[in-house]
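S.K.: Residue-level listing of the chains:
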Amino acid sequence: DTAVSQTPKYLVTQMGNDKSIKCEQNLGHDTMYWYKQDSKKFLKIMFSYNNKELIINETVPNRFSPKSPDKAHLNLHINSLELGDSAVYFCASSQVVPKRGPYNEQFFGPGTRLTVL
Amino acid sequence: GDSVTQMEGPVTLSEEAFLTINCTYTATGYPSLFWYVQYPGEGLQLLLKATKADDKGSNKGFEATYRKETTSFHLEKGSVQVSDSAVYFCALSEPNFGNEKLTFGTGTRLTIIP
Numbered sequence: 001d002t003a004v005s006q007t008p009k010y011l012v013t014q015m016g017n018d019k020s021i022k023c024e025q026n027l028g029h030d031t032m033y034w035y036k037q038d039s040k041k042f043l044k045i046m047f048s049y050n051n052k053e054l055i056i057n058e059t060v061p062n063r064f065s066p067k068s069p070d071k072a073h074l075n076l077h078i079n080s081l082e083l084g085d086s087a088v089y090f091c092a093s094s095q096v097v098p099k100r101g102p103y104n105e106q107f108f109g110p111g112t113r114l115t116v117l
Numbered sequence: 118g119d120s121v122t123q124m125e126g127p128v129t130l131s132e133e134a135f136l137t138i139n140c141t142y143t144a145t146g147y148p149s150l151f152w153y154v155q156y157p158g159e160g161l162q163l164l165l166k167a168t169k170a171d172d173k174g175s176n177k178g179f180e181a182t183y184r185k186e187t188t189s190f191h192l193e194k195g196s197v198q199v200s201d202s203a204v205y206f207c208a209l210s211e212p213n214f215g216n217e218k219l220t221f222g223t224g225t226r227l228t229i230i231p
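Protein chains in written order, with my numbering: chain A, 1 to 117; chain B, 118 to 231.
Isolated chain A (complex conformation) (with noise of 0.2 Å):
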């Protein structure tokens, strides 16, 4: 069974065109996050929403706006596509669980690689 999907796993695009990357959860957890991988592998974090509540927000430009209709799923739609955009775009969730203490093991999604042209 696949712990954390995205769909599709590779999106080529023109730039200005508006896409959309979806991922969804089946290990019931309560945070989900995007995270953008560059090209030289660099990670960082976009956004991450606790049940469907938006708690992160990385300096992302507002071209990019992440939905979470239930929290199994977080889709992450992007306007006007731009050259800079191309990357790799990571889902991941994990438990928050505060009684268990300062403790963040998250599951990451195959990723979903996304070439503007």
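Keep in mind the hints are simulated off the structure, nothing from the lab. Among these hints, one or two may not hold up.
[As the list claims (entries may be wrong)] Computed cross-link-like contacts, DSBU-like style, restricted to lysine-lysine with a CA-CA straight-line distance of at most 35 Å:
(1) B/185 / A/19
(2) A/52 / A/67
(3) A/44 / B/169
(4) A/19 / B/169
(5) B/185 / A/9
(6) A/71 / B/173
(7) A/9 / A/52
(8) A/67 / B/185
[What the hints assert, rightly or not] Rough simulated footprint, nothing fancy, chain A against chain B, three-plus residues with beta-carbon under 8 Å:
(9) 153-164
(10) 218-225
[Unchecked claim] If you want the ones that stay clear, here's a sample from chain B, every Cβ over 10 Å from chain A, calculated:
(11) 122
(12) 170
(13) 194
The beta-carbon is built from N, C-alpha and C at its ideal position, and this holds for glycine as well.
Mind docking chain B on chain A? Use the hints.
M.R.: Same frame as chain A, but now just chain B:
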């Protein structure tokens, strides 16, 4: 802010060689520490973790010890295999209930040659 510094790659070793990938961190609080691995064409997988000082995380022959005095979490393996070829990421997460995030190092690409 928090940061993680890993040794620059790429690292190329022969099979059965000893591996060390250095990782040091800067954090305002008392973070949990992780090593993630990314095999070619795949997503990230948690390799090992440690949540308090002197904890040793271990998995698949890899080990790393949480050293608070030197703010380090170096990854080691006694005898590497070709199948260990991958990109390795050191990461930390500060305790901030409900608002945790992983801060990653830049990654170290490891290639093992037969």
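S.K.: Now look at each hint and say whether the structure bears it out.
M.R.: Here is what the structure says about each hint:
At roughly 44 Å between alpha-carbon atoms, residue 185 of chain B and residue 19 of chain A are farther apart than 35 Å, so this suggested pair is violated. For the given pair, residue 52 of chain A sits about 8 Å from residue 67 of chain A by alpha-carbon distance, which is consistent with the 35 Å threshold. Straight-line distance between C-alpha atoms of residue 44 of chain A and residue 169 of chain B comes to about 24 Å, which keeps the hinted pair within the 35 Å bound. A C-alpha spacing of about 42 Å is found between residue 19 of chain A and residue 169 of chain B, which places the hinted pair above 35 Å, so the restraint is violated.
For the proposed pair residue 185 of chain B and residue 9 of chain A, the alpha carbon gap of about 39 Å is over 35 Å, so the pair is violated. Taking the CA atoms of residue 71 of chain A and residue 173 of chain B, the gap is near 33 Å; set against the 35 Å cutoff, the hint holds. The hinted pair formed by residue 9 of chain A and residue 52 of chain A meets the criterion: a straight-line CA distance of about 24 Å does not exceed 35 Å. Our distance criterion of 35 Å between C-alpha atoms is broken by residue 67 of chain A and residue 185 of chain B, whose separation comes to about 38 Å.
A count of 7 residues in the region 153-164 of chain B with a Cβ less than 8 Å from any Cβ of chain A is obtained; the coverage claim is therefore met, three being the minimum. Counting residues of the region 218-225 of chain B whose beta carbon lies closer than 8 Å to any beta carbon of chain A gives 6, which meets the minimum of three for the stated coverage. Once the 10 Å rule is applied to beta carbons, residue 122 of chain B is consistent with being away from chain A; the minimum gap is 13 Å. For residue 170 of chain B, the condition that its CB be more than 10 Å from all CB atoms of chain A holds, with the nearest at approximately 12 Å.
Residue-level check passed: residue 194 of chain B sits 20 Å from the nearest beta carbon of chain A, beyond 10 Å.
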